[in-house]
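There are 4 protein chains.
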Amino acid sequence: MKILCAVGSPRKYGSSYKLAEFAAKGARDAGAEVEMLYLVDYRIEPCAGCVSDDKMACRYPCIFEDDMKALYDKVLEASGVVISTPVYWYSPPGIVKNFIDRLTALENMAVVEGRSWVEGKVAGVIAVGNDSGSVHAISTLLATLVSMGFAIPPWGFACYNEEREVLEDRGVLLDAYNVGRCVAIMCKALEREERAWYLDRVEDLGEFVELVVQNSEKLRRSQADVRRFARFSP
Amino acid sequence: MKILCAVGSPRKYGSSYKLAEFAAKGARDAGAEVEMLYLVDYRIEPCAGCVSDDKMACRYPCIFEDDMKALYDKVLEASGVVISTPVYWYSPPGIVKNFIDRLTALENMAVVEGRSWVEGKVAGVIAVGNDSGSVHAISTLLATLVSMGFAIPPWGFACYNEEREVLEDRGVLLDAYNVGRCVAIMCKALEREERAWYLDRVEDLGEFVELVVQNSEKLRRSQADVRRFARFSP
Amino acid sequence: MKILCAVGSPRKYGSSYKLAEFAAKGARDAGAEVEMLYLVDYRIEPCAGCVSDDKMACRYPCIFEDDMKALYDKVLEASGVVISTPVYWYSPPGIVKNFIDRLTALENMAVVEGRSWVEGKVAGVIAVGNDSGSVHAISTLLATLVSMGFAIPPWGFACYNEEREVLEDRGVLLDAYNVGRCVAIMCKALEREERAWYLDRVEDLGEFVELVVQNSEKLRRSQADVRRFARFSP
Amino acid sequence: MKILCAVGSPRKYGSSYKLAEFAAKGARDAGAEVEMLYLVDYRIEPCAGCVSDDKMACRYPCIFEDDMKALYDKVLEASGVVISTPVYWYSPPGIVKNFIDRLTALENMAVVEGRSWVEGKVAGVIAVGNDSGSVHAISTLLATLVSMGFAIPPWGFACYNEEREVLEDRGVLLDAYNVGRCVAIMCKALEREERAWYLDRVEDLGEFVELVVQNSEKLRRSQADVRRFARFSP
Chain D
1 MKILCAVGSP RKYGSSYKLA EFAAKGARDA GAEVEMLYLV DYRIEPCAGC VSDDKMACRY
61 PCIFEDDMKA LYDKVLEASG VVISTPVYWY SPPGIVKNFI DRLTALENMA VVEGRSWVEG
121 KVAGVIAVGN DSGSVHAIST LLATLVSMGF AIPPWGFACY NEEREVLEDR GVLLDAYNVG
181 RCVAIMCKAL EREERAWYLD RVEDLGEFVE LVVQNSEKLR RSQADVRRFA RFSP
Chain R
1 MKILCAVGSP RKYGSSYKLA EFAAKGARDA GAEVEMLYLV DYRIEPCAGC VSDDKMACRY
61 PCIFEDDMKA LYDKVLEASG VVISTPVYWY SPPGIVKNFI DRLTALENMA VVEGRSWVEG
121 KVAGVIAVGN DSGSVHAIST LLATLVSMGF AIPPWGFACY NEEREVLEDR GVLLDAYNVG
181 RCVAIMCKAL EREERAWYLD RVEDLGEFVE LVVQNSEKLR RSQADVRRFA RFSP
Chain F
1 MKILCAVGSP RKYGSSYKLA EFAAKGARDA GAEVEMLYLV DYRIEPCAGC VSDDKMACRY
61 PCIFEDDMKA LYDKVLEASG VVISTPVYWY SPPGIVKNFI DRLTALENMA VVEGRSWVEG
121 KVAGVIAVGN DSGSVHAIST LLATLVSMGF AIPPWGFACY NEEREVLEDR GVLLDAYNVG
181 RCVAIMCKAL EREERAWYLD RVEDLGEFVE LVVQNSEKLR RSQADVRRFA RFSP
Chain V
1 MKILCAVGSP RKYGSSYKLA EFAAKGARDA GAEVEMLYLV DYRIEPCAGC VSDDKMACRY
61 PCIFEDDMKA LYDKVLEASG VVISTPVYWY SPPGIVKNFI DRLTALENMA VVEGRSWVEG
121 KVAGVIAVGN DSGSVHAIST LLATLVSMGF AIPPWGFACY NEEREVLEDR GVLLDAYNVG
181 RCVAIMCKAL EREERAWYLD RVEDLGEFVE LVVQNSEKLR RSQADVRRFA RFSP
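Chains as they are written, first to last, in the working numbering: chain D, 1 to 234; chain R, 1 to 234; chain F, 1 to 234; chain V, 1 to 234.
Here chain D stands alone, though its shape is the one from the complex (with noise of 0.2 Å):
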């Protein structure tokens, strides 16, 4: 069970390092093997949005020659990754902006062959900014990566935007071990789980379209006109 740790941050020392190496930390400590990365030394070019031109366009490898394709295999052969990110202006900076775009190529395979290939990975984030932003960083990662495919464990996120160093403060370091940790749990808990998590064939979906239609109907007698109903009018 392999783990992925990536730094988004140019400062390869700063915070973002240091509660990504609590998480590998975590992560180790609940039996994963751990891979620490810095994204700032490889080269990701911007996306080209080749996916508004043509759906079937964006899929693995991607049409650039960069360095992204060792970063694909390394998250295609990890069971979970854990993204580690400065917060600059409430997200995340261009650097791991332009690594989340590019993994549309695995994401996209959904499209281009019927499953999205980080399906049912287990991802994990952890965000420092300097001010009150970084849950809104977070939340955007979230949403992005549960639409990849990603799962997200409990705790699977921890956030830090205080000025005082980020070592002395015992509660997000154990969030941050707790993000690592809760990661390789679920990791371990889904890989039991062979089958495919999108169904995207399901017989008899017309027939229940028509039950729905009907009992949508009967509520809305039920509710006569919800402008009348009793906890509405005082």
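For the record, the hints were derived by calculation from the structure and aren't laboratory data. Even glycine gets a Cβ: it sits at the ideal position worked out from N, Cα and C. Treat the hints with care, since some could be wrong.
Reference listing, derived: stretches of chain R covered by chain F, where coverage requires no fewer than 3 residues with Cβ under 8 Å from a Cβ of chain F [to be verified]:
1. 3-11
2. 68-74
3. 95-107
4. 178-187
Once you've looked at the hints, dock chains R, F and V against the given chain D.
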């Protein structure tokens, strides 16, 4: 294995109801027992924010004697929860927000007695609006749910914001179906996990801090001056 | 020039109240008359979502006979509004959300009679939480207010999420002061603008579409194949 | 009065370009001179995050010798800016994010010399995606721009996320037109404001703190115990 499917619209017959039915079907098809409920049928007082006066004050079963008591028990009995909400101004309406705010009494048991009472449960989200704000609402809910201790499965959200009747859009019906399905699959996968997720005592945390301080220093020196490293200086 | 300062906390004495006072002072020092109000003192029913049944159904003064009537009139009389809200789960609490949701009856006059009744008013936002979610709440509120027709001045929001007593943090007191001040300055600057902001009839829009089609085609050809242009091919 | 219209897509001919043209027309029709620019034509290095090492280090004209220098000067000369961005994963792509991150060198002049160099300028945003994440991207950008010192006019954003050709949707063309128009109108309204917006010295702030402490105490007593006040106890 029981899954709760909470419809958040004041209009019980609307699109968020309809998609909730598909999530319920997905969960049932994957072996779960499902209970549908309509938040509008319950009297839920707004949260009084006691936790801001005293961290220990917010605890199950809350100070209010209202219908939330029944809802707490439903949540506690369930392995998973699907929240299907309309989107008013890029976020859930007040009815849903009051429900979320009041769930704090379960989450804050982490402070009161060391463990969130929803830790390890699984959640999915469906959001329906008539403009492009659904994902914003979902990002808020995902961050909230993870932060309470819920896990989010792959494909754990669905959203819709077109004017066309939702039942005519096969894509979103499948998305909603899979929210329920994946919540159910993950409930099954996690129920074998007996142990607590969040570990709040890590014996060698202090030593590890030392190690990270040293590594960080090494990285700083190796990056020398961030202003000079090759990829930034053209 | 009148500015409304709405405190959204159930705890009238809390940090969002305190910062609201500084916004009020900033507005007064800049020449405005300020009215403080506490949303918790008003009975505000949750929005019934009538607009989803019928776009023309949502209009001033709403179908509910509750205290929102008084609030509508206060908003209509004011040139500017400051909302000071606590942050529960990265967003305003249900009390504030109900207030926002119900403001739709003023905004939807754009559909009913061609002009939002809050168009051209000025808004500022203050958010106080005990974690790092304040900016997320603010981002939701800013998008909402702009989308209703409000203008946001420079430095139009302030937020705080430290445990330390807010009154001891000079920085955030100044931020809150300047929210009020800048709302007031902008109210003054805009009151000279008599004309409507949103123009819904532009005579030469059709011709212009043609022009843009041609330009777009030219740009597409000049970029040839996005996959080949210099900066992307290493 | 000059307005800058920045297109953020790698595809210069795409929907964000098209809507940018309508914003440009709206601004021109309202009397502004407009410059269109395509971020993809400029080499913009990712921000190195110097400010995290030293708050005073981040300042105009930044440490990088790249095309951002030209862009800084364009922004400084302009009274208003419209950013038209595609939406990749609920946020602007890396290209746009790098541009935003690098603008910090203008904003951080607030720390360096007491005043943000973009204070009082006006901004509008257009976002185009193929799912429902546009408003999330916009919420991030609005919070960012206001936090840098920009003002946002009424109707200051437009978004689109349908698959249909954008030029066939009259509603969004008008929305984009009005983003430009309202930015221009507000530039005109604000250019008469000579004074600084953010006031960082308020003489009687200390006394006022005392007053608020007393008022807060009075309010606390009058609310007695928040758990008992009438509207919460059913």
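Status of the hints after comparison with the structure:
no., hint, in the structure
1, 3-11, "holds (count 3)"
2, 68-74, "violated (count 0)"
3, 95-107, "holds (count 6)"
4, 178-187, "violated (count 0)"
Checked against the numbered hints above, the structure violates hints 2, 4; every other hint is satisfied.
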